[in-house]
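**Q** Numbering follows numbering that gives the first Met the number 0, with no gaps: position 706 of the sequence shown is 705.
Don't read these hints as lab results, they were simulated from the structure. Glycine included, each C-beta is placed from N, C-alpha and C at the ideal position. Among the hints, erroneous ones may be present.
[To be verified] Computed Cβ-Cβ distance ranges for the label pairs, DEER-style:
hint: 1; residue 1: 575; residue 2: 691; range: 28 to 34 Å
hint: 2; residue 1: 378; residue 2: 312; range: 26 to 32 Å
hint: 3; residue 1: 423; residue 2: 237; range: 57 to 63 Å
hint: 4; residue 1: 717; residue 2: 23; range: 28 to 34 Å
hint: 5; residue 1: 23; residue 2: 621; range: 38 to 44 Å
hint: 6; residue 1: 520; residue 2: 365; range: 29 to 35 Å
hint: 7; residue 1: 709; residue 2: 683; range: 51 to 57 Å
hint: 8; residue 1: 65; residue 2: 250; range: 35 to 41 Å
hint: 9; residue 1: 95; residue 2: 163; range: 19 to 25 Å
hint: 10; residue 1: 636; residue 2: 365; range: 36 to 42 Å
hint: 11; residue 1: 378; residue 2: 621; range: 50 to 56 Å
hint: 12; residue 1: 23; residue 2: 213; range: 39 to 45 Å
hint: 13; residue 1: 12; residue 2: 58; range: 41 to 47 Å
hint: 14; residue 1: 236; residue 2: 308; range: 32 to 38 Å
[Claimed, not checked] Below, computed lysine-lysine pairings styled on PhoX-like, alpha-carbon distance capped at 20 Å:
hint: 15; residue 1: 24; residue 2: 442
hint: 16; residue 1: 407; residue 2: 33
hint: 17; residue 1: 444; residue 2: 407
hint: 18; residue 1: 143; residue 2: 33
hint: 19; residue 1: 13; residue 2: 24
hint: 20; residue 1: 24; residue 2: 43
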Amino acid sequence: MPESPEQPRRFTLKAIFDSDTFEEKSLVQPLWMKDNQRLSFLDKAHESERKTVWILETDTGLREQFIDPDSLNLPGAPGMGDSLPIHAYAWSPDETKLLLPELAPTRFSPSGNLFLYDAAERSVERLTDTREPQRNAKFSPDGKLLGFVRSDNLWTLDLETRTERQWTFDASAARYNGRLGWVYEEELGLSDGWAWSPDGLRIAYFQQDETCVPELLLPDYDNLHMTPIRTRYPRAGDPNPTARIGVLDLNTGETRWMRIEPEKDDEAYAGGEFYVARMQWTPCGNNLLVQRLNRLQNHLDVILADPDTGDARVLFSEQEDAWLDSPGDARFVGEDAFLLLSERDGWRHAYLYSVQGHLIRQVTWGEWEVDQVLAVDSDARAAFFSAARPSPVERHVYRVSLDGGEPKCLTASTQGWNRALFSHDASRFVHTHSTLNQPPVVKVKDAGGAEGATIIQEPLPNLAKFDPGPWELLTIQTSEGETLNARMLMPKGFDPERRYPVLMHAYGGPGSQIVTNQWGGVRALWYHLLAQQGYGVFMVDNRGTGGRGASFEKQVYRKLGEREVNDQMEGARFLHTLPWVDPKRIGIWGWSYGGCLASLCMMRGADLFRAGVAVAPVTDWTLYDSIYTERYMRLPSDNPDGYLGGSPITHADKLKGRFLLIHGLQDDNVHFQNSARLANALQDAKRSFETMFYPARRHGLDNRHFHLFMTMTEFLRRSLLRNL
Numbered sequence: 000m001p002e003s004p005e006q007p008r009r010f011t012l013k014a015i016f017d018s019d020t021f022e023e024k025s026l027v028q029p030l031w032m033k034d035n036q037r038l039s040f041l042d043k044a045h046e047s048e049r050k051t052v053w054i055l056e057t058d059t060g061l062r063e064q065f066i067d068p069d070s071l072n073l074p075g076a077p078g079m080g081d082s083l084p085i086h087a088y089a090w091s092p093d094e095t096k097l098l099l100p101e102l103a104p105t106r107f108s109p110s111g112n113l114f115l116y117d118a119a120e121r122s123v124e125r126l127t128d129t130r131e132p133q134r135n136a137k138f139s140p141d142g143k144l145l146g147f148v149r150s151d152n153l154w155t156l157d158l159e160t161r162t163e164r165q166w167t168f169d170a171s172a173a174r175y176n177g178r179l180g181w182v183y184e185e186e187l188g189l190s191d192g193w194a195w196s197p198d199g200l201r202i203a204y205f206q207q208d209e210t211c212v213p214e215l216l217l218p219d220y221d222n223l224h225m226t227p228i229r230t231r232y233p234r235a236g237d238p239n240p241t242a243r244i245g246v247l248d249l250n251t252g253e254t255r256w257m258r259i260e261p262e263k264d265d266e267a268y269a270g271g272e273f274y275v276a277r278m279q280w281t282p283c284g285n286n287l288l289v290q291r292l293n294r295l296q297n298h299l300d301v302i303l304a305d306p307d308t309g310d311a312r313v314l315f316s317e318q319e320d321a322w323l324d325s326p327g328d329a330r331f332v333g334e335d336a337f338l339l340l341s342e343r344d345g346w347r348h349a350y351l352y353s354v355q356g357h358l359i360r361q362v363t364w365g366e367w368e369v370d371q372v373l374a375v376d377s378d379a380r381a382a383f384f385s386a387a388r389p390s391p392v393e394r395h396v397y398r399v400s401l402d403g404g405e406p407k408c409l410t411a412s413t414q415g416w417n418r419a420l421f422s423h424d425a426s427r428f429v430h431t432h433s434t435l436n437q438p439p440v441v442k443v444k445d446a447g448g449a450e451g452a453t454i455i456q457e458p459l460p461n462l463a464k465f466d467p468g469p470w471e472l473l474t475i476q477t478s479e480g481e482t483l484n485a486r487m488l489m490p491k492g493f494d495p496e497r498r499y500p501v502l503m504h505a506y507g508g509p510g511s512q513i514v515t516n517q518w519g520g521v522r523a524l525w526y527h528l529l530a531q532q533g534y535g536v537f538m539v540d541n542r543g544t545g546g547r548g549a550s551f552e553k554q555v556y557r558k559l560g561e562r563e564v565n566d567q568m569e570g571a572r573f574l575h576t577l578p579w580v581d582p583k584r585i586g587i588w589g590w591s592y593g594g595c596l597a598s599l600c601m602m603r604g605a606d607l608f609r610a611g612v613a614v615a616p617v618t619d620w621t622l623y624d625s626i627y628t629e630r631y632m633r634l635p636s637d638n639p640d641g642y643l644g645g646s647p648i649t650h651a652d653k654l655k656g657r658f659l660l661i662h663g664l665q666d667d668n669v670h671f672q673n674s675a676r677l678a679n680a681l682q683d684a685k686r687s688f689e690t691m692f693y694p695a696r697r698h699g700l701d702n703r704h705f706h707l708f709m710t711m712t713e714f715l716r717r718s719l720l721r722n723l
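Start from the sequences and build out the full structure, keeping to the hints where you can.
**A** This is how it looks when you write it as structure tokens:
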């Protein structure tokens, strides 16, 4: 008898969150090597669970294990016995050695002691031996020195003599050299605070002082006496950290401070407050390119600073009525020009400037947005970039001439989400492609778009055995005439004669997108579990989200939580028009900004939503950080009505449906105080709700996702799955 076909397996919480069933193959920390043909990355060693460094020949696809991780024996090394685990790595300039940190480095935590692997000797050596926090380590351009931040001061290690030297001595509990505090890291994306000059003779660095920033205490329930964790966190309207740029001369040991402060009579900088959004050496090393933002973040100055004298001058400025997003790092074209992104025509595009600040030309244009400039080929006078084109729900990789002309799409054959990591000479790139229904496939392409070696073809081999249903992209029209992008996952085994509950998911913050044609990661398989249980899943990108130009995004200025919630409610009304949707069983959930929107929807849209889940929600914008909040809302004193109207606390007495409030008690991003205040307001209003809290867990609720999604699944089952 012929074998019967294997029945599809059912998604389970254990399979998704507590097993290796959906262990996704991905390219971890890929680095192009100097020859622009080989690629290094981290992956499991042969017949081992331990990570190591691999090298891939991108022409042939052949890969070789570079280090046997079991050979990294070092007395007293951390990790498994006496063998050093590989969390991350960095090549020396001549690629004969690897820098290996003791701990997995993150934006907000030190990387511990430093170790050096010698490829010729196949041996590892401890470079530092301290319990003081260390971070941001990197080789000098000639490979003779290793620079790093220890206890918030700058240090170097001579790799020939193994001699350490401390260069700055004025760090304190609230003053840092070579690194930034929480709010700069989180909201300006500055995870590193220092840079070698191109000749390796000087170091440019941030010095940040948070003395005036209020201190917050995060509870530590694992501590016997609950000694709190102290953190500096400026809330909207609070005193901000100050930052300045110094240039350390390694010959003299002296630091010269760049005079980048605004003029006292500059109206854009009321009170003299400003942010240093970026700092870069020019390629010749004669100057620093600095970006300065005013506190309201609607005025940007691009500044050229002379490290020899400290003199600085503004090259050009941009001004907006609403806000300006930081354009990110400049991309240099040779030594005399650079590319920078701007929304000056209403869409984010690339502009070419001389190093003296003269606009040479606008390089890209049209009613679509450039995400980022990926690479520059100065000799060929070409730039490579990713863009939300031809649709804002997709990303493609393009090549454009710096002398003008229509961009060429290098990923036109792969609809969906395309990312690229270019080699140093921009001759080839690692191409990562996914869709809503296809996990990321990773290949190598040349600069013309021709396909080369395949790196990852089957990222989730077990996925097909579960027969997930397809996500569908669509648009909806609102009563105000707006067209909104949306996506839908239908209930498994759909029967048009039945009526089903639907769960909406929202994020909705300025510049964000959740309606994109890209793989959502393993955690998003939870939606397929819900579809198997009989739910539809629906998402809509409200006004204020990204990829659609400034006029769409900046409609939310000064009134966060108003138009976004109106559009989520329009999404619920759209569901009411579908004959298979039970309008009495619509739910919504969100995390962080999405938790704020889910809370507001349950209150302002109480007649539309039966149930809601808010995870780590902002419930009062005066409780969130200064840089993010003031960018969109201005100061609380400037906009009291906006702050009041966008707070779920204000609307707590409107709650009707079933509501689940979830938060980590050590959340250092959206503090638990947000949920505590909302709970208090709901209790005052005599509204019933449920809650779940996670001790010793921060904003991402790490290592608690199984319990989190188990809690949400059970809540939704009780609230939506049964007929009411």
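**Q** Determine for every hint whether it applies to the structure shown.
**A** The hints, checked one at a time:
no.	hint	result
1	575 / 691: 28 to 34 Å	holds, 30 Å
2	378 / 312: 26 to 32 Å	holds, 30 Å
3	423 / 237: 57 to 63 Å	violated, 42 Å
4	717 / 23: 28 to 34 Å	holds, 31 Å
5	23 / 621: 38 to 44 Å	holds, 39 Å
6	520 / 365: 29 to 35 Å	holds, 31 Å
7	709 / 683: 51 to 57 Å	violated, 30 Å
8	65 / 250: 35 to 41 Å	holds, 36 Å
9	95 / 163: 19 to 25 Å	holds, 22 Å
10	636 / 365: 36 to 42 Å	holds, 40 Å
11	378 / 621: 50 to 56 Å	holds, 53 Å
12	23 / 213: 39 to 45 Å	holds, 41 Å
13	12 / 58: 41 to 47 Å	holds, 43 Å
14	236 / 308: 32 to 38 Å	holds, 37 Å
15	24 / 442	holds, 13 Å
16	407 / 33	violated, 27 Å
17	444 / 407	holds, 14 Å
18	143 / 33	holds, 18 Å
19	13 / 24	holds, 19 Å
20	24 / 43	holds, 10 Å
In summary, the structure is inconsistent with hints 3, 7 and 16 from the numbered list given earlier, while agreeing with the others.
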